[in-house]
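Line order of the protein sequences matches chains A and B.
Position 196, counted from 1, in the first sequence is what the working numbering calls 196; the numbers after and before it change by one each time, with no gaps.
To get the working numbering, take the position in the second sequence, counting from 1, and add 196.
Simulated from the structure, these hints should not be mistaken for laboratory data.
Being a predicted model, the structure only gives us computed values, none of them experimental.
Watch out, some of these pointers could steer you wrong.
[What the hints assert, rightly or not] Every beta carbon over 12 Å from chain B, so not counted as near; a handful from chain A, in silico:
hint : residue
1    : Thr5
2    : Ser13
3    : Arg15
4    : Pro34
5    : Ser55
6    : Gly110
7    : Gly111
8    : Glu124
9    : Val134
10   : Leu140
11   : Asp142
12   : Ala162
13   : Ala164
14   : Val172
15   : Pro176
16   : Ala179
[As the list claims (entries may be wrong)] Footprint (simulated), chain B over chain A, 3 or more residues, beta carbon under 8 Å:
hint : segment
17   : 86-94
18   : 99-106
19   : 182-189
We put the CB at the ideal spot given by N, CA and C, even for glycine.
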Amino acid sequence: MINNTEAVRVIDSKRGDAVFVATMNANNVSFGLPTVTSNEQLDFPISGAMSKASSVGLGLALAQPQRKIMILDGDGSLLMNLGSMVTVSNKAPTNLYHFLFDNGVYAVTGGQPVPGRGRADWEEMAKGAGYAAVFNFDNLEDLTTGIDEVLASTGPVFVRLAVAPEIENTAVEDRPRPARSVLTAFKELPEALAKG
Amino acid sequence: MTTQEAVIHPAAIINELKKNDVTHVVWLPDSETNFMYELLTGDSSLDLVPVCREGETMAIAAGLWVGGKKPVVLIQNTGIFESGDSIRGLGLDVHQPLVMLIGYRGWSRHGLTNDSAARFIEHILHAWGINYYLIETDDDAQRITLALAEAERDQKPVAVLVGTEFGA
Numbered sequence: 001m002i003n004n005t006e007a008v009r010v011i012d013s014k015r016g017d018a019v020f021v022a023t024m025n026a027n028n029v030s031f032g033l034p035t036v037t038s039n040e041q042l043d044f045p046i047s048g049a050m051s052k053a054s055s056v057g058l059g060l061a062l063a064q065p066q067r068k069i070m071i072l073d074g075d076g077s078l079l080m081n082l083g084s085m086v087t088v089s090n091k092a093p094t095n096l097y098h099f100l101f102d103n104g105v106y107a108v109t110g111g112q113p114v115p116g117r118g119r120a121d122w123e124e125m126a127k128g129a130g131y132a133a134v135f136n137f138d139n140l141e142d143l144t145t146g147i148d149e150v151l152a153s154t155g156p157v158f159v160r161l162a163v164a165p166e167i168e169n170t171a172v173e174d175r176p177r178p179a180r181s182v183l184t185a186f187k188e189l190p191e192a193l194a195k196g
Numbered sequence: 197m198t199t200q201e202a203v204i205h206p207a208a209i210i211n212e213l214k215k216n217d218v219t220h221v222v223w224l225p226d227s228e229t230n231f232m233y234e235l236l237t238g239d240s241s242l243d244l245v246p247v248c249r250e251g252e253t254m255a256i257a258a259g260l261w262v263g264g265k266k267p268v269v270l271i272q273n274t275g276i277f278e279s280g281d282s283i284r285g286l287g288l289d290v291h292q293p294l295v296m297l298i299g300y301r302g303w304s305r306h307g308l309t310n311d312s313a314a315r316f317i318e319h320i321l322h323a324w325g326i327n328y329y330l331i332e333t334d335d336d337a338q339r340i341t342l343a344l345a346e347a348e349r350d351q352k353p354v355a356v357l358v359g360t361e362f363g364a
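Input sequences plus hints: build the corresponding full structure.
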């Protein structure tokens, strides 16, 4: 399994001017995007909108076809919005890269298993939904050597990452909060995009 | 005394959208908006984004909006009930100036309606503080322009209830 933060770090190292649309696990202050980001102005955290990273990412990909849009999704989140995989493949944005952080649990609510853990096959679901290319990594070395091929592929691309669960069990009010709110990100992203 | 035919044509809606530089229609088909499909697919100036479930629409629209485009959402009132968290989190909370065209299933000016989709929808919009306009004829279509202006001015979602099925 891949360490969550290390997975984000590898993707971030190759992002260039890509926008990160991140939800829940991939955006967790303790082990996700904010700890390693190299271009915060192009980070688009939408933790408050459960399951909708893939949908927001699709909208951005259609609006900004010249720029890579990288969705950092969670398995619990995507399970709530499975139809979006078909919606994405139907519009077929060539600049959309959908990374799924698959840890098998609802990490931010205490680690309860997600439905279908060990049964549902994300790689097959992505192929069946119609993504142009599908990758599957379960160790950091393969991800590190394979990331260039992933990002050289024409989208929409789906990448399943088997990540180790990092369970949040502290009280919600005691958890660290991201420095940038969702609303701030919405206000700042258009200006960042306009800079090219 | 003359009576006006209670019908709205899809061309009237589309003309209003184009007049206001709308770029994308994010939608899931319903019987109230059925006849728009052929016109929309044949019109290259409006990009149609079909979805599998209505809650996707506000989220896709949010991405389009923050990316510099001007989308509208087109779904049925039943889909609004399904979309509550998207309207909250990606409409109201982030001040998205989104116009939602909503097929008003069960709407009637006459007698009682037994359709709970019709009985609840205006109450739901009131609860969210979302203003709305009703359109039933081609003459009403200009209310879409009012809704788009209001959404932009107030930086929040505005609804347009489509009260009759479209004429062919």
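Each hint tested on the structure:
no. : hint    : in the structure
1   : Thr5    : holds, 26 Å
2   : Ser13   : holds, 24 Å
3   : Arg15   : holds, 17 Å
4   : Pro34   : holds, 19 Å
5   : Ser55   : violated, 3 Å
6   : Gly110  : holds, 21 Å
7   : Gly111  : holds, 23 Å
8   : Glu124  : holds, 18 Å
9   : Val134  : holds, 19 Å
10  : Leu140  : holds, 30 Å
11  : Asp142  : holds, 30 Å
12  : Ala162  : holds, 26 Å
13  : Ala164  : holds, 28 Å
14  : Val172  : holds, 17 Å
15  : Pro176  : holds, 21 Å
16  : Ala179  : holds, 17 Å
17  : 86-94   : holds (count 4)
18  : 99-106  : violated (count 0)
19  : 182-189 : holds (count 4)
Comparing the model with each earlier hint shows violations of hints 5, 18; every other hint is respected.
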